[in-house]
Structure formats: structure tokens, C-alpha cells
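S.K.: Each chain is listed here by its residues.
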Amino acid sequence: MGFGTYVTARVMWAAVVSFIIVTITFLLLAAAPNPDVQRAATQAALQGGDPAAAAERARELRGLNEPLHVRYLDYLRSVYTLDWGWADSRSQPVTTALAEGLYYTAQYSVPWTILTILLGPLVGVYSAANMYSWKDHLATGFAFFGYAIPNFFFGIILLLIFGVWLDVIPVVYDTSVPVFSVANAVQLSIPVFVLVTGSIGAVMRVSRNESAEFQHAAFMKTAKAKGVSPLRAYAYHVMRPTLVPLSTTIVGQLLALFLGSSLLVEKVFGIPGLGRVTYNALIAQDTNLVLGATLAFTFIAVFGNLIEDLVFTVLDPRISYDDR
Amino acid sequence: MTDDASPLLAVEGLTTTFDTDDGQLVAVDGIEFTVEAGETVCLVGESGSGKTVATESITRIVDSPGSVEGSVRFGGRDLLSMSEPERRAIRGYEIAHVFQNPQDALNHCYTVGWQVVEALQVHEDVADETARSRAIDLLDRVGLANASTLFDDYPHELSGGQKQRVMIAMALIGDPDLLIADEPTTALDVTVQAQILRLLDDLRREFDMGILLVTHDLGVVAAVADRVVVMYAGKVMERGSVLDVFERPAHPYTRGLLDCLPGVGGTEGGIPGTLPDPLDPPDGCRFAARCAYAEDACRTGEQPAEIKTDPGHHASCIHYRPDRDESVLEDAGREPTGSDRGADELPNDGVSTDD
Amino acid sequence: MGTQRSDRFDEVEWDEISRSRWFEPSRNTLGVVLCTLPIAVLGFYDWQVLGERTATFAFVGTEWDLGGIDYLFGFTLVLFAFYLVAPLYQNPRMTRYYWRQFKRNRPAVVSLGWLGVVFVGGLFGPLVMSAPEQSVLTGYQPPVFLSIDAAYVDAQTCVGDVVSGRCQGTWQHPLGTTQGGKDVLASIIYGMTISMQIAFITTTIVAAIGVSVGTVSAYAGGWVDETLMRLVDVVLSFPTLLMFLLILYIYGAGLGMFILIFSLFAWGGTARYVRSKSLSVSEAEYVMAGRLSGANTTQVVRRHVVPNTASSIITQLTLLVPGFLLAEAQLAFLGLGDSEVPSWGQLISAGQSDLSFAPWIVLAPGFVLFLTILAFNFLGDALLDALNPEAEAETE
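Which chain is which? The protein sequence lines are V, H and W, in order. Residue numbers for the first sequence follow my numbering, beginning at 1 and rising by one. Residue numbers for the second sequence follow my numbering, beginning at 1 and rising by one. Residue numbers for the third sequence follow my numbering, beginning at 1 and rising by one.
Read the hints as simulated data drawn from the structure, not as lab findings. Any given hint could turn out to be false.
Stated by the list, open to error - With a straight-line cut-off of 20 Å between C-alpha atoms, the simulated DMTMM-like cross-links for lysine to aspartate or glutamate are:
id: 1; chain 1: V; residue 1: Lys221; chain 2: H; residue 2: Asp325
id: 2; chain 1: H; residue 1: Lys308; chain 2: H; residue 2: Asp226
id: 3; chain 1: V; residue 1: Lys221; chain 2: H; residue 2: Asp226
id: 4; chain 1: V; residue 1: Lys221; chain 2: H; residue 2: Asp63
id: 5; chain 1: H; residue 1: Lys308; chain 2: H; residue 2: Asp280
id: 6; chain 1: H; residue 1: Lys308; chain 2: H; residue 2: Glu326
id: 7; chain 1: V; residue 1: Lys221; chain 2: H; residue 2: Glu84
id: 8; chain 1: H; residue 1: Lys308; chain 2: H; residue 2: Asp244
id: 9; chain 1: H; residue 1: Lys308; chain 2: H; residue 2: Asp208
id: 10; chain 1: H; residue 1: Lys308; chain 2: H; residue 2: Glu36
id: 11; chain 1: H; residue 1: Lys308; chain 2: H; residue 2: Asp323
id: 12; chain 1: W; residue 1: Lys103; chain 2: W; residue 2: Asp354
Bear in mind that the values here come from a model prediction, so they are computed numbers and not experimental data.
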């Protein structure tokens, strides 16, 4: 199997996975009483109307009287055509609401991703090159600290120190400053630091352990005998093979943190990003938006897993496309 | 060295020490030998006798806790006292290495062409295209078919013999004056071994370079060597021209080695005993414990100083001191050394001790 | 392989230890059954006879009530006691060997100690301590040795002395109290129970599904293997937290649902590992020999595959637990957790608004959570080194 075929097969598999998850969301929704219908009924009852009739009207309005398979096909069509409905709580289309959230999420996610990818392997390889020195112990200590401290708890403490006591960052994210401004960089620095601390630990550990193995490999002696300088040897001959297992760790860590903790970090720092949109939709009982946010995160997860596999395959020349 | 005013490589008092948890490990202990331009010198000895460490000490590529002392003069410059960047400019360009196991010696993440070109481009500012065509020519020269497509292959797509040829091409791309080949055929199939050795010998003539070949195969030595250096437990036991050493082996250890060769020594196989503990070497001659001719004098003091037995032929054995009668050795030398294994059971690479 | 270096856990022939056959339950299995019975009977009694509103132990006059999670927790404790602790006790030689290996890693020993404290505190704390109760009058009491501006607490209600306008902490509330006057230390100890329940129940479910799917996949082969492994792919790329939020939104969800959902989507790695290990173990000579002498697949799985993968599975599970604890704390912090459960996350969430003047409400449970996650990570790392050097490479 060639590389092109492998990529095609893998992309199709990603489509299948997304399809399975979308189906699960549909089944979850279909099996439960629709909160909107219930709300209509409650409202009708409160206003002295007939709750059953109101519920029926609401059901009809939302097409819930159709047979299950028709609703399913309809659901699939709207999911994959990005026709995700109207977000009542924000009075705008769901996709617009999500895009607005993404705009703020991207502002901290981009620097966070770049810093993790750049710093993690560098510190890890440096740690391996100076193994068991105080620098290595310091880096290892920081790595363990990073992946053990709960992000939201770390965020709260840093917000207390830098926001409340030192007053260098606003306690609630200020959306009025321009994206590319010092003020924005300052207010995003602490959330980015919190997230980098969370994601970099595993990256550092893996790159340290893997490169520790490679720096004593026979090909390092070959490189030395060729007259390659130590810096070049580390940059090319240690870093490059380390990137193979590391790519999985990096994408995996970023993805896990993005799906798990960005919501928390946005809540703590008051950033109106994707996570915050999801949270507010949950609180405001905005079904369309909750569903839309879930789907958005789902597609990001599926896409991330696809990238993880593809990067790994591209990086390791030894991999045979038939094996996966 | 006594025979030529300025040899290509002159090693003197080379000592390599590793600090281990159990104490100081002297892997190479004050060895001395020379390599002339265009000749092949074979470094022979059992596994663990310090041959590999000795060759890696020449350009100082031994693993980091090792410390190297003594003098290594290459074309009039002392390799050990020069700065690391100066030494780096010589490595892979004037002195090239080929290692024992080609399986791991190539980085699995880069194409073989990239790795050959790297060896050139770290030394010379050569355009990518020029470097590529030079590398392809060389890959072709070392006997790789389809060199231009193989250039873009990854190491895992090559066989062991092909990889070793790539390693040789990588070593030769800088047109070195000295090639250090550390058991380049041990990890390969028997049929490929002969091809690689023949290739090295052809290339030596073509590139007019000296070769320092580490091997424990005396058959190889007989076939390609001009001169031989016999090492045992970090010390040089005997060195001289291949004719002298094979025809008139002076040191009892060399005789033991030669006796292991089928059809040369006769009936016996192997030398009884094992190498001494490198962390705690015995007094006197390192070989004394396994030597059939050892006397009390062999077990005290230092390793005996090298004594010239013929022009250009040295041995480190007290029996050759001017005040002694070396005929003791001559007579006893052909007696069996007491092994019950038949010579026909032995592999042709001789030393059966602990390989 | 099996007998040459038998002081290695991985290669011990477990038949020598348990000497059991498939149809003859071993002493340990008997113990599990005997201990599970009273739990089951009590649970049935609680469910059918008492009904929802009566406390389980009302007949002895206490208010102590048990829920479904507690019964499940009890059952997993029995499993751990008979399948993890008992074998260690029955094989002192092996235990000593491991202990020697393990002892070299000092952070891991400290971690084990800390987890021991959390375990004992979580198990017996609620038995000897009364649950933290609201007491509005004693809100914002500072921890012992610390003080708070008396403006935040009513001068009359400061439990300790008021010295120059500051209310001093007392031993009555060693870690202070929350706004509502709940004792922070007691809340933390009750939170230990929740954390231990999450840890034990999730690991049991993950191990059960992972081992089953892995071995079935390895031994069935063919399309069953293919299907199960694709299922593992799906499970591994599932955004669990988001799905949980969706379920929470549609149906509402308590701690039980949390444990169920998160463990249902965490067994992928374990299954993958057990499958590859089973494939390699079934190739091993002693297993082949066993098969030739008539052992069936079930026996092979039970006698060879499970024991030989046990150490790696334990390591993997140890490294999974912190993720569950973190997820629970995150949900609780967001106010989306089970509000009836006094977890550490709930406490952190409750104290967030008072952070600037009463930081102990957040800091105390936060550090306990941090230390617990850290301890699980250190322990997992040490187990990785002590039990199975290859595990690191194989579990990704």
C-alpha cells in the first residue's frame, strides 16, 4: 500500500468514527424527552393553557413527530452541512456562536501549542544530554509538577497572585483590547503558562527518555566519526528520531488538554472562548448550542487523532502502511 | 616508526581510561604502533583486548567518561593535544571510520544518501547537487547497484552488506588518508565478508590511503595485512610485518593465536584461560597467567618493554632480553598447549576463547 | 522462560501458587464469594425492604445510609483484597523481592505512604467522624496558627481568640471552615472517600472490560478481532468529557453515571495491550506445552495471560486514576458535578469566590488533590520501572 492509499484509508476511517459519534449523539437526544418540549409544556401550564397541546405543537414545530429514521437522516444532513440551528441563548446561529468562541480560544491555543511543540522537546533533549545533573532534576521535577497540578487549581492560584495581589492581569479577560497588543499578550500570558505547564510535562518526559536512548545509539558514534559537531548531532540525529514517538505524545497531550481543560481555564480566567460558550449553553439550557459545541469538540478530537496518526506515519520511514 | 622518518599515523603511549563505579578501567594501556601511507595494518586480538577502544581513541570518539592520554601523531600533528574543533575537521575527512555493526550505524530516520552527503558537507561547502552526484558515484564505486535510486532509500530497506557498503562510501567521500575499519565484516554473512574485504583492499590502492583494520580473523590478516599489531588486555604483545609475525611469531600469545588457525599450528585449539580483569590487571606480563613459558620474573613489575627481535619486529616478552636465551621458546614453541579440541572443529576465525 | 528466573512476577507460573483448576474455585475466589454475599444481601435488603428514604443502618440507630456506589465500592475492595493483597501475603518471597525493587525509588515510597493515608482516611474517616455540617455562625474560621481579619467573621462567633482585630485559628477547625461553616478538614476526609471510590470502581471496570476485550480479540482472531480493535480505535478517540456533558445535560448525571461513562471509555489502551501480550504469551513454550496437554483457552487465559499481563495492567491503571480524579474535580468545580457528593472539587468550587481573604478553602483541597495525582503518577512510574521494563514502550 502506498502512502496516498494509506492517507485515504485513514481519512475515511476518521469519517466513519465521526459518523459513529454523531449517531451516538442522535440516539442520546432521541431517547430523552426534549427539554424544549418540556419547557413549552411547563410554560403553557403556567399560563393556564393546555400543556399537552403545547407539547404537541412544540414537537411538531421541531419535527419530532416524524419517524425515527427520517429524523436520523435529517439530523445527519444538518450535521454534515453545518446547518446546526439557532442558539436561543445568544440569538444567533449556532455556527456563528461557535466561530466567535473559537476566535478567543485560538488566541491562547496558538501560542500554547507553539510553545509546547518548541519548548517540550528542547528541554527534554537538553535534560537527556545533561542526565542526572541538577538541571535534569529541575526539569523532571517541573514535568511532574506540570502534569500533576490540576490546571484550574493552578489557574486560580496564579490569578490570585497576578490578578488580585499584584494586579498585573485583569481578573476577567478584557475583550476590548486588540488581538495583537501588549495588553492582550499580558492577559493571555498566565492562561497560556498554565496550559503549557500542563501539556509540556509529558512531552518533556517522553523526549528525555527517548533521546536518552538515541544519544547513545551507534549512529551517534557514526556521526561523531564523520566530524559532525555535537550541536548538529543532537539537532539532527537525536532530535529527529525522538520526534517519532514524541509526535504522538504532543498531539495526544494537546488534544486531551484542549478537550478537557480549556473549558476550565476559560472559566477561571473569564475568556469567552469555545469552552465558555459550551458552559454557558449548558447553564442556559440551549440544546442546539450544547449539541453544536459537543459536535465541534468531537470533530476536533477526530481530526486531532487523524493528524496524530498521519504525523507519526510521515515521521517514521520504517513504518509499513500495511501494518496499520 | 624506527624504519620511517614520518609515518602517516604514529601512536605512542596511548592510554584510555574509563571511570566506572567499580574503579578505574584501563582499556588501552600505553600502546605504540604506526601506520604508513597506503599500507594496511591489522590490529588483532581477542574480544575485550581493547582493539576497538584503541581505534576510537585515535580520533577521540570514545564514549564520554573515557579519558585519552599519550600521543597520536597524524601527518605531523598531535591529534590528542589539538582542540576539539580542529580534531572534528580531521574526523571523517582525513581519518574516516567504518564500524563493526552496520545495522545500527546508520540513522533510521534519514535516507542513506542524506547521510553520505552529510559526511561531505560538514567539511566542505559543496552544493547539494554536486554532493549528490559525488555520493552516487561513490555508492556505485563501492559496488551498490542502482546507486541513484538507492540514494533515496532508507537504511531499513537495505541488507546488512549493502549498509556496510554505504558506510564505506560515507567514509570515503571526504577522500581520507587513513581509514579505520573496526571489524567491518564480523556482522555480515560469510559470502559478503570476502567481498567487503576485497573492496576495501581495492579502494586502498585506488584512494592511496592507509587502512587500520581491526579483526580477530587471522585468515583476513594473512590475506590483506602489510603489518600486524597483536594486542592483549590493553597492551601490545607483538608487532611487525605480516611475514615476520606469521613466519617467526615471537610472543607466546601470538603463537597461541596462530596455533588456533587450522592447518597452521597443527593440532590444538584455543588458548586455555580468559582475559585478566581489566579493573585489576595482574603485575608483570598480562599474558603470564595463560602462558606456557611464564616464569616468576614474568609475574612481577610492569609489562616487559618491547624488544626488537628483527628489524621492524617487536615483542613484549622477557625471553627476548639480550641477557636471556630465547631458544627456550623456540624449542618449546611447537609443543601442544594442552587442549583437547581438534582443529577441524574450529571456526576459521581462530580464537575460541570468549568471542 | 517460565522457570529459569521465577523470582520475576511476570514469569511466575501461577499454578504453583494457587494450585487451582478452572472448576475448583481457589481459596481466594472462595473468599471473594463469601465476602460478597453479605454485601449483596445488605444491598438487597436496603433496596427492597427499606426503600429509598430509610437509612441503611437505621435499625442500629444511626443515620448512616449506603448508596449504590458504596456497595460497588465494597465489592471492589473485596476483589482487591483477595486478588491483589492476598497473593502478596501468600508469597512473601515475591513480595520481598518487589519491595526491594520498589524501595529504591524514594518518591514512590513517599507516594505510596500518602495514598495509604488517603485510603485509610477515606475508608475509616467517615466511620469515626461526623459529616461536615453547615453552621453559618462559624463561617470563615481560619486554620490553626493563621488568622483572618475579624471583619469577615462576627467577633462573637470567632471560635478562637480575637487578637488585635484578627480572629485566630483553633484546633477545633485545624484547616479552617468554609463560608457556610463546614470544617475543611472533615470535608477533605469525606472527599477522600469519593476519590477512593472513583479510583477503585473505575479501575475494576476498566480492567474487567479491557482484559475481556483484549483476550477475546486475541483468541478469536478474524473479523471478531478486527471489529473489536476498530471499537478500541473509536473508544480511544472519544471525547469523553464532552459526551459526559451532553449526557449530563440531557439526562442529568450523578457520581455513578460519571464513573460509568468515564470507565466505559477508558479501557481502550488496556485492551490493546492485553491483546498484544496475549498473542505473544500464547506463542510461549510453556503455554504451548499446556495446550498440548489439553488445557482449553479459558484455562490458558486464566493461568497464563492474566498473570503475565497483571503487572502491566496494574501500572496502566495506576496511571489512569489521576485522570478520573481530575475529571471529577473539574466537573465539580464547574458546578456540574454531583452536588450531593462532598468531593474535593466541590470544596474548591465553593471557596473560589472567597479566595482573596480565605484562601485555605481552595488551597487545602487543591493541594490534597495535587498531591494525590502526583502520588499516583510517581507510583505508576515506579511500578513501570520495578515490574516491567518493556511496558513503557508497549503501552505507548
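S.K.: Each hint: holds or not?
M.R.: Hints and how they fare:
Restraint check for Lys221 of chain V and Asp325 of chain H: not satisfied, since their Cα atoms lie roughly 47 Å apart, outside the 20 Å limit. A distance of roughly 18 Å separates the Cα atoms of Lys308 of chain H and Asp226 of chain H; the hinted pair therefore holds under the 20 Å criterion. In summary, the hint linking Lys221 of chain V to Asp226 of chain H is not supported, as the alpha carbons are separated by about 28 Å, beyond the 20 Å threshold. Using a Cα cut-off of 20 Å, the hinted pair Lys221 of chain V and Asp63 of chain H holds, with the two alpha carbons roughly 8 Å apart.
Distance hint between Lys308 of chain H and Asp280 of chain H is unfulfilled; the C-alpha atoms sit about 29 Å from each other, more than 20 Å. Restraint check for Lys308 of chain H and Glu326 of chain H: satisfied, since their Cα atoms lie roughly 13 Å apart, inside the 20 Å limit. The suggested pairing of Lys221 of chain V with Glu84 of chain H holds, with an alpha-carbon distance near 15 Å, which does not exceed 20 Å. Distance hint between Lys308 of chain H and Asp244 of chain H is fulfilled; the C-alpha atoms sit about 12 Å from each other, no more than 20 Å.
The straight-line distance between the Cα atoms of Lys308 of chain H and Asp208 of chain H is roughly 29 Å, outside the 20 Å bound, and the hint therefore fails. For the proposed pair Lys308 of chain H and Glu36 of chain H, the alpha carbon gap of about 19 Å is at most 20 Å, so the pair holds. Taken as a hint, the Lys308 of chain H and Asp323 of chain H pair is honoured in the structure, with Cα atoms around 14 Å apart against an allowance of 20 Å. Distance hint between Lys103 of chain W and Asp354 of chain W is unfulfilled; the C-alpha atoms sit about 42 Å from each other, more than 20 Å.
Hints 1, 3, 5, 9, 12, counting from the list given before, are not met by this structure.
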